[in-house]
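A.B. asks: Assembling the complex is the task here: the two chains are given apart, and the hints tell you how they should meet.
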Amino acid sequence: MNFIDAFRISASGLTSQRLRMNVISSNLANSHTTRTPEGGPFKRKDVVFSSQPLETSFQKMMQAQGNAKLTGVKVVGVIEDPRPPIIKYDPQHPDADEKGYVSLPNINLIEEMVNMMLATRSYEANVTAVNATKRMALKALEIGK
Amino acid sequence: MGSEGMFKGTISILEQGLDLRSMKHNLLVSNIANKDTPNYKSFDLAVDEEMQKLTGTQRSIALRKTDQGHLPAGGFKDYSGVTITKSSQGVEANGDGNTVDIEKEMTDLAENNLLYDAVAQILRKKFQGLKNVIQGGS
Numbered sequence: 001m002n003f004i005d006a007f008r009i010s011a012s013g014l015t016s017q018r019l020r021m022n023v024i025s026s027n028l029a030n031s032h033t034t035r036t037p038e039g040g041p042f043k044r045k046d047v048v049f050s051s052q053p054l055e056t057s058f059q060k061m062m063q064a065q066g067n068a069k070l071t072g073v074k075v076v077g078v079i080e081d082p083r084p085p086i087i088k089y090d091p092q093h094p095d096a097d098e099k100g101y102v103s104l105p106n107i108n109l110i111e112e113m114v115n116m117m118l119a120t121r122s123y124e125a126n127v128t129a130v131n132a133t134k135r136m137a138l139k140a141l142e143i144g145k
Numbered sequence: 001m002g003s004e005g006m007f008k009g010t011i012s013i014l015e016q017g018l019d020l021r022s023m024k025h026n027l028l029v030s031n032i033a034n035k036d037t038p039n040y041k042s043f044d045l046a047v048d049e050e051m052q053k054l055t056g057t058q059r060s061i062a063l064r065k066t067d068q069g070h071l072p073a074g075g076f077k078d079y080s081g082v083t084i085t086k087s088s089q090g091v092e093a094n095g096d097g098n099t100v101d102i103e104k105e106m107t108d109l110a111e112n113n114l115l116y117d118a119v120a121q122i123l124r125k126k127f128q129g130l131k132n133v134i135q136g137g138s
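Going line by line, the protein sequences match chains A and B. In terms of this note's numbering, the first sequence is residues 1 to 145. In terms of this note's numbering, the second sequence is residues 1 to 138.
Misleading hints may appear alongside valid ones.
[Stated by the list, open to error] Derived PhoX-like pairs: lysine-lysine, alpha-carbon spacing no greater than 20 Å straight-line:
(1) LYS99/A x LYS88/A
(2) LYS145/A x LYS126/B
(3) LYS126/B x LYS104/B
(4) LYS53/B x LYS8/B
(5) LYS8/B x LYS77/B
(6) LYS145/A x LYS134/A
(7) LYS65/B x LYS139/A
(8) LYS125/B x LYS145/A
(9) LYS131/B x LYS8/B
(10) LYS74/A x LYS41/B
(11) LYS45/A x LYS74/A
(12) LYS131/B x LYS145/A
(13) LYS126/B x LYS139/A
(14) LYS145/A x LYS88/A
(15) LYS104/B x LYS69/A
(16) LYS41/B x LYS69/A
(17) LYS65/B x LYS86/B
(18) LYS126/B x LYS8/B
(19) LYS8/B x LYS125/B
(20) LYS77/B x LYS65/B
(21) LYS86/B x LYS41/B
(22) LYS125/B x LYS41/B
(23) LYS77/B x LYS69/A
(24) LYS86/B x LYS69/A
What the hints contain is simulated information worked out from the structure, not anything from laboratory work.
Only chain B is shown next, with the shape it has when bound in the complex (with noise of 0.2 Å):
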């Protein structure tokens, strides 16, 4: 197993997840400031069926190298795929075109905020698992 494979499995789906639910918190607190803004249509991102879809799917963007002396990058994943829902109409309270229901949102926030957690803290075991094998379990 090479280097490169030992990364492949759990610990990129569990990077996709991460960078799923951070680009979801972004677009929550977007929702949250634009809450009292006219016309303000609201923004979701459902992580689970994006997981669903990305799953295996996922090409990696590398940047070209055009020079023998350049330096190795990339590994930069591909998220232009995932698609954000808008929702055009839902509760609105006051009329003014504005579809944030600030309740939701703030619950949302909480949740994703929770499951970011969460999956922050399996890839943190992951690593300590690779570090344990690696040092021969001393």
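Isolated chain A (complex conformation) (with noise of 0.2 Å):
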């Protein structure tokens, strides 16, 4: 039936917002972090989305209907801001250099705030999505009555 591949759009939707959401959070979590295993400050991250296209046999049959445009969506990767880390005079610090400079994360707390909403936002569309494609179904199976 058609509408498990609408459903199975939005979960892909759904499913990639919560881990932009997962990255986000951790951002925020870390905005003071100076001390990593890899060492140095905390290196803000984000997230790669790239639509990927519905793999199934059964999809492949069904091309010659017009599906071949469907695709979801994915996070393909979890990158690193390549910005430099924020530096602050802070000799007080137990890991200021010699010279009394902290290196900070490059995280700035509005850009990650504005970045949630849009994560909360996209994932609320989606759920619209579910619900509508849910109804869509239940009335198709009303039909029959």
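C.D. replies: In structure tokens, the structure reads:
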């Protein structure tokens, strides 16, 4: 049935947005972290979205039906922001260098909050889509009643 | 009137309506899921125009029977001629090549949903009418 595709696409959207939210939360939580396993201050992370065609053998069969354009979304990678760390003068800090400067993560709180709101809205849009699909499928089942 | 004729007129058109609406729904859902994907181009399907094009000209695909013992199957409608448009330029708010206009997609989703419901409702009434006739109005 056609609606299964719609559910799978929305689910891929929900998963991707939730992952994005996790990455943003991690950035926020680590906005003052100066020590990481790799050494140096925490580096801001970002997700990379990519559209992915729905891959099923059934899908291939039905491509003649015009469904070839349907794509879900997938997070294909988590990248590190190349922006340099923020240098702050704080000689009391245990991680300060000999001149008294500390490297703090390159995280802008406002930027993260805006991204968080975007992710929330995108997630909500996908939830609305799931509900719409469900309503349509139920309506189709009512035809025979 | 044969039994095929009974389902040929309105019911067949309504069926096409439902099929096209669900195709459009899938495209809209795909656009919404890819709202934040760089370089994604949004797709659309003009259901009204496609209905005009399909009505009367559409053939249905039936499975060919190569053996007497094969069960009859078929009645799948052929939608390979349906044109799906891709908006290569549109609102590009953040300059990442994505052309999904989320307000448009969400309102289209709601509209498509309502029209699907309407068609499903008409189809349901149509079947109820047939049932009523078959039962002699009792």
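A.B. asks: Taking the hints in turn, state whether each one holds.
C.D. replies: Verification of the hints:
Distance restraint check for LYS99/A and LYS88/A: the Cα-Cα separation of roughly 11 Å lies within the 20 Å cut-off, and the hinted pair is therefore satisfied. Straight-line distance between C-alpha atoms of LYS145/A and LYS126/B comes to about 12 Å, which keeps the hinted pair within the 20 Å bound. With a C-alpha separation of about 32 Å, the suggested pair LYS126/B and LYS104/B falls outside the 20 Å cut-off, and the hint is violated. A hinted pair counts as satisfied when its Cα atoms are at most 20 Å apart, and LYS53/B with LYS8/B qualifies at roughly 17 Å.
Using a Cα cut-off of 20 Å, the hinted pair LYS8/B and LYS77/B holds, with the two alpha carbons roughly 13 Å apart. Annotation: proposed proximity of LYS145/A to LYS134/A holds, straight-line Cα distance about 18 Å (limit 20 Å). A C-alpha spacing of about 34 Å is found between LYS65/B and LYS139/A, which places the hinted pair above 20 Å, so the restraint is violated. Proposed proximity of LYS125/B and LYS145/A is supported: the alpha carbons are some 10 Å apart, at most 20 Å.
Annotation: proposed proximity of LYS131/B to LYS8/B holds, straight-line Cα distance about 17 Å (limit 20 Å). For the hint pairing LYS74/A with LYS41/B, the CA-to-CA distance comes to about 16 Å; that is within 20 Å, so the pair holds. Taking the CA atoms of LYS45/A and LYS74/A, the gap is about 17 Å. The hint holds against a cut of 20 Å. A hinted pair counts as satisfied when its Cα atoms are at most 20 Å apart, and LYS131/B with LYS145/A qualifies at roughly 11 Å.
For the given pair, LYS126/B sits about 15 Å from LYS139/A by alpha-carbon distance, which is consistent with the 20 Å threshold. Between LYS145/A and LYS88/A the CA atoms are separated by roughly 70 Å; this puts the pair beyond 20 Å, and the hint is violated. Only pairs whose Cα atoms come within 20 Å are accepted, and LYS104/B paired with LYS69/A is accepted, the gap being roughly 19 Å. Taking the CA atoms of LYS41/B and LYS69/A, the gap is near 10 Å; set against the 20 Å cutoff, the hint holds.
With a C-alpha separation of about 38 Å, the suggested pair LYS65/B and LYS86/B falls outside the 20 Å cut-off, and the hint is violated. This hinted pair checks out: LYS126/B and LYS8/B have alpha carbons roughly 13 Å apart, not beyond 20 Å. Of the pairs offered as hints, the one joining LYS8/B and LYS125/B holds, with about 16 Å between alpha carbons and a cut-off of 20 Å not exceeded. Pair hint LYS77/B plus LYS65/B holds up; C-alpha atoms about 18 Å apart against a cutoff of 20 Å.
The hinted pair formed by LYS86/B and LYS41/B meets the criterion: a straight-line CA distance of about 6 Å does not exceed 20 Å. Of the pairs offered as hints, the one joining LYS125/B and LYS41/B is violated, with about 39 Å between alpha carbons and a cut-off of 20 Å exceeded. For the given pair, LYS77/B sits about 19 Å from LYS69/A by alpha-carbon distance, which is consistent with the 20 Å threshold. Of the pairs offered as hints, the one joining LYS86/B and LYS69/A holds, with about 9 Å between alpha carbons and a cut-off of 20 Å not exceeded.
Hints 3, 7, 14, 17 and 22 from the list above are not met by this structure, while the remaining hints are.
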